[in-house]
Structure formats: C-alpha cells, structure tokens
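Since each chain comes alone in its own frame, lean on the hints to assemble the complex.
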Amino acid sequence: MLPENITAIVARNERWSGEAASEPYEAGWAREAIFFVRALKQPLGRAPTAWVEISPDGMRWVREGTELAMPDKKDGIAVARLSHFGNWLRVATHFDNGAECTVLVTLHLKA
Amino acid sequence: MTISTALSFAEMSEAMRLAQLRADPSLSRFDPLPRIVSFDDFSRGHCGWSQLVGNYEDDLDTMLPGYAQHSSAMLSTLGHWDAGSHGGLDSSYALKIATRPKPGAQNVAIKRHTFRKRGPIRFELFFTFKPEASELKLSETDVRSIGFLFDLQGGDRDGDTERVMPHLRFLNALNGQHLQKWQYKRETTHFTPIGSEEKTLSHYHLAPEGWLDLPDGEQRLCYNEIPTKVNWSYLRFDYDLETMTALGLQCNDRSFDVSGFESIRIPAMKNLWCMLNFCLFAETDVAKRAFLYIDSICISGDF
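In order, the protein sequences belong to chains A and B. For the first sequence, my numbering assigns the number 1 to the initial residue and increments by one for each residue that follows. For the second sequence, my numbering assigns the number 1 to the initial residue and increments by one for each residue that follows.
Hints were generated in silico from the structure; no laboratory data involved. It should be emphasised that the depicted structure is a prediction, and the values quoted were computed from it without experimental measurement. Accuracy of the hints is not assured; some may be wrong.
[As the list claims (entries may be wrong)] Here are some, though not all, of the chain B residues that point toward chain A, as calculated from beta-carbon distances under 7 angstroms:
no.: 1; residue: S76
no.: 2; residue: S134
no.: 3; residue: L138
no.: 4; residue: A173
no.: 5; residue: L174
no.: 6; residue: Q177
Every residue gets a Cβ at the ideal spot worked out from N, C-alpha and C, and that includes glycine.
Okay, chain B solo, but in the shape it has when bound (with noise of 0.2 angstroms):
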C-alpha cells in the first residue's frame, strides 16, 4: 500500500515549528503563534517588565494618585517565613509586583513595544498571586484582584482613530466577599490635563468603577491552604490588532466566551502610534500587601 501523503511547504514548516516547540522544555508549555515577540522567564532578569508611571509635567504632585501609588517590580524566590523559597516553574525566580498595605491599593507592571504587523497576538503566561503572610489565616479574600490590560493603537497611516485598551481582571474578592469571576472593562475615568502646557492629558484607566462580569465567567483557581503554598495557573488571551477585539481567553481548563467583550476605546493619541503595551497588575482588598507573581510569559503574533 502507498501512503500518498505529500505535505505542502506550509505544513511541513508548521510541523517542524510545532516540533522544535515541544521538544523546548521551557517553550513547551506554551502554544505560541508562528512568531514569538518576546519570552520572558524571570531567571534573565526583569525582561523588559518596568513600573507604570503616571503622566506629569513640571512637578511630580501633577501626577493622579492612581499611578503615584506605584513602584517597582521585583525578582523573588517567593520566600516565605515558614517554608522558605518557592521558587518558579523551572527556575529558582519570578516577577513579582507588590501593592501597598492600603485596602483598594494597586500596582502595575508594564511591557512597552510597538508592532510592525495588524493581525492576531497571543499572550500567554503562568502567574499566582497570594497576600502578604502575615496572619497567620487563609486569607483568601486578601487580594482584591489580578489582571493584565493591553494599551492599543493603530499606525498612523491606518485611518482608524482609536487608543484601544482591552482589560482583564480575575475579581477574586471585593469587600471580603470571595467572588472569583473575570471581569472586563469598556469605560475609563475622565482625562484629566496634566501642567500648564496643554501637552499632556491623563486618565486612570484602573480606576474601581467599570468593571463587568464577563459571561459566565466565574472561575474557582487553586488558592491552596496556608498563605504561603501556591500554585502556577495558566492564562491565555488572544486579540487581533487588525479588528482591535478579542478573540479568546482561557485560564487553566476553562475557555471563556469573549463574543461580548468589549475594550476601552478612546481618540487616539497624537504621539502613540503602533504602541503595542501589555501591562499586569495586582490589587488588594485589606490592608495587607497583595502579590502577584509571574514565572514566565509568552507574546507571540502571526506575522
């Protein structure tokens, strides 16, 4: 019997790309688009991963006390007082953005690119998130939420006019209630000008109010028993930069319907073109430090 099974050039170069992958130990728990941006494990160093800072002009009081409250992100073992370092996936550290002891407080660790290509991106990463261990509780309903946003907008050639910011969070837990449930964003706050030179405006797209459950949404993760055990969970979100909608999110072995996401969309800004940004962020509900941690992230496209 003859096998006629002749592979076109496409599907062999995917099969030999698919190949490589898998026999990648540190790219193989990922499924990237044919190219990969950037891959960032926390054992090179920070990877490119910086604090968010607000906008000001003149004097640093000009910034909105969204961003003024952040701070830098951090490599950590996840060292814990009673059982020690953690450590990441497959190497002994990952990044870890910190808030403030303040209920409501946030931080926000940010990734700035520009892309050369509108069409589909995947962002893939493995992250945890714990409170502070400094009771010694469960406290589950510690941190307030975690999540990731995207900050979009098109080239100046392209003849749409939009900043376009997908947002994302995991609400695990709001005034002590454990709601666990994704949520997605579609309105920021007012721009507010910043100086007196009429060149800078800002808007604190973090801001509380907005958030909506995204259907059917509600996700119970692995949390784990003491403060100081935790557990790498997989997330995945995919958008296309030509259409600027979302076209998946999965987060361990749930598949989220994202037909009804929406992103924020605002005018365009008239020095922000291609940006391509991903940010992460972590929020908590006490007054206790919230940490999210991030052993590795992927950003693939297909271009």
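Just chain A, with the same shape it has in the complex (with noise of 0.2 angstroms):
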C-alpha cells in the first residue's frame, strides 16, 4: 500500500491583513507537512514574518517555532517543512497597518 498523501487548500485568494491566520487543519495522520504561502498579488507594505502553530484542541494555539518570511512579491512563495506537530496545524502572522497579502495556502502533508 502506497502511504497516504493529500494536498489541501486551507486559505485561497483570502486577503490577509492585520492579524491573521489560516482555517485550522487536522493532520494527525501525517507524518510530513509543507506550508506554501503564496502571494496571489502584489503584496502591500512590509512583508512580515509569519509562524507556524499547533494546538491541543484547534482552538487554543501556540507557536511551534517554524517561522518563514511572507512573500514581497506577486507570486513569491514561503515555505515551512514540519515534521512533529501532533495533530492540528495553521500558519498565522501579523501585518503593520496597511500592509497585506492575498495568499493561497496549501498543505502538503503525508503518512
């Protein structure tokens, strides 16, 4: 048996600013997991560091240490590679006033 893999959408064509974060997602299946961030368009203001989280619940969330710099330009990409993170995954950040990105937000995760 082939081990299990899944592509998901978690965020797409949201267009972030303040603080923001995406949807929760369960992977507890997995073994692996990649965020990309993209920036669908071109990106307003300072392009800040967003950060990985995990949560015991999907609801109360913590940083699990991962950080990866948002994406200056229109298709730019961020990445985080994870490996240990239990069993719900977001990716959340902070934007300084006026500043944002509309970013698609996909989860590579594998068994």
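See below:
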C-alpha cells in the first residue's frame, strides 16, 4: 500500500491584513507537512514574518517554532517544512497598518 | 416430505450476494444495490472527496463568494479538548467538513463520477455533526444545517436536456430556533457569467433562499448532552437516474415521503454529459465553526 498524501487548500485568495491565520487543519495521520504561502497579488507594505502554530484542541494555539518570511512580491512563495506537530496545524502572521497580502495557502501532508 | 424450492439463478445470486455483504463487517451496516460504485471509509484517506471549488476565469476574484469560502475537507479522529479522540464507527478516522466561524458560513465536499447506465442509485452514509466546542454549553442550535446534493446530467445522446440537482438538508436551527427538519430545494440562483470569454457560468445553488419543507419531515436526531459527545446516524437517499426522480429518503428509523420531492432543474450544460457528482455540506448558524463528520459512505447502483 502506498503511503497516504494529500494537498489541502486551507486559504485561497484570502486578503490577509492585521492579525491573520489560516483555518485549523487536522493532520494527525501525517508524519510530515509542508506549508506553501503564495502571494496571488502584489503585497502591500512590509512583508512580515509568519509562523507555524500547533494546538491541543483546534481552538488554542501555540507557536511550533518554525518561521517563514511572507512573500514580498506577486507569485512569491514562502515555505515551512514540519515533521513533529501532533494534530492541528495553521499558519499565522501579523501585518503592520496598511500592509496586506492576498494568499494561497496550501498544506501538503504525507503519512 | 419433499421440499421443492428450486431457486432461480437470479434468486441464488441475490442470496449469495446478501450472505457475503452481511458477513463483511465493513459493509454489513449498509444495504447497497447490486453494484457498489464506491465504498469510502476514511481510514483509507479522503477517498476522492475534495473541496467544491467555484468557477473562475483569468482571476480568482471572479469566483462567487459562496464558493470562495470553501476549503479542503480533512481526516479527523474527532479529537475533543475534554475527552480526547472520539473516533469513528470502526476506525479512528472520519471525513470532516468544517465551516468558517461566521454566521451562515458553509463548506462543501464533492466526489465526482460519471455514470454508465441510467437506473437506480443509492447513497448511504453514517454521519454526525457538532459545533466547535468553544463554549461550555450544549450549543444545540449552533449548527444551522447539514446536507447533501447530487449534480446530474444525462448522456449526450439521451434527448433530455436538463442538468438535475437534487438537494436535501437537515435544517437543525435557524437564527437560534431549533427546527430539526428535512428540506429540499427546487430553485437555484440566477446564472452569472464568469470572465470575458463567454465560456463559463456560475450559480450558487446552496444560497439560503428557496428551501422547502419535506412533508412530515420533522425529525429529532441524537445530539447528545455536551458539544463533545457525538452519535453516528444512518442516512440513505435513493434516486433514479433514468427518470431523474427521488425514490426514497431514510434517516435512522424514519423513512420520508418523497413523492412531492423536486430537484433543481436547469438547462443542460454543454460539457457535463453523464455527470454523477455527490456533495456533502455543513452550515453554521453562529460565529462558531460547524463540523459535519462522515464515518463512511457507500454509493451503489442497479446496473
């Protein structure tokens, strides 16, 4: 039997500004995960650092430790590789006033 | 005494089929028609249930807002903050369709087939639903609805020229009122041209307008006593692809009269021949995520 893998789209064409995060995604069956964050449009303002968060319950979030630089140009792609995350995963970031990025966030999971 | 009970070949075949089904622990809880099209238990992955993405052309901004909110279904052990993983009927995993935390938000998972013969099909599943357990309250009116739809179109030589979309939902609550009833839909929204090449149209058939009560369609399901306890329910919908009419709806111990059921019917589209799509959806009534969980699904046909 081949190992399971899935490509999940967790945010598509979402305009992120201020406090932003992807919707919670359950990935407890997977041994490894990669987040890709692609800028679908030219970002405005300073491109912030984003970080990966894990959760005990899908509602309360703590930083996993991995950070990624948000893309600073259209079609730029940020990447985070993960291999120890329990069940729930999301990407979060914070934009300065006036800054924003329209994102496509994809999560690639492999058993 | 001699008992002359010579079974015909057809009767013998059916008896053997039923004996094998009932001896199979994974299929015994279903009543499939003679041919199983697909059997999905979500311990083997997503089994082809992907997100319903809206139509677009050139720019994702052209996607209708109803579709733009959709995201990918996930595999869940129904892990709860207070009781840990609930698990499925006979595996750890279920398919989870989660809305965003915004009143009226919806999410839809879809499985896309085509058919090879127009005849009866049967859609059976074990499901449950709950809101996100973000409050220490029963929260029984937080999920607005859960439901399913088919998206069908005849073959290119069939002569009928309709796309047919039977929709059914269990309206659990609306604006905080606990309604608990089955509804169907026979009208969609208007078609919106997408982009500039006049090749693509879109319509949001899950818009809140136009739902009608199924006669005697009230049903109180097993919701259980806190947001983190769930019970699996059985659901079955029978449909005839030849006449494009509903044949039956059953949920747990109740069978419903579908003689007045009607589907959404719209003109056939030029590239959807023999389409046989199945969708499952969830909708929240409050600013809290609604979760529809599916333990397993068996789709079968008589062909």
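Hints and how they fare:
| no. | hint | result |
| --- | --- | --- |
| 1 | S76 | holds, 5 angstroms |
| 2 | S134 | holds, 6 angstroms |
| 3 | L138 | violated, 17 angstroms |
| 4 | A173 | violated, 21 angstroms |
| 5 | L174 | violated, 24 angstroms |
| 6 | Q177 | violated, 26 angstroms |
Violated hints, in rising order: 3, 4, 5, 6; the structure is consistent with all others.
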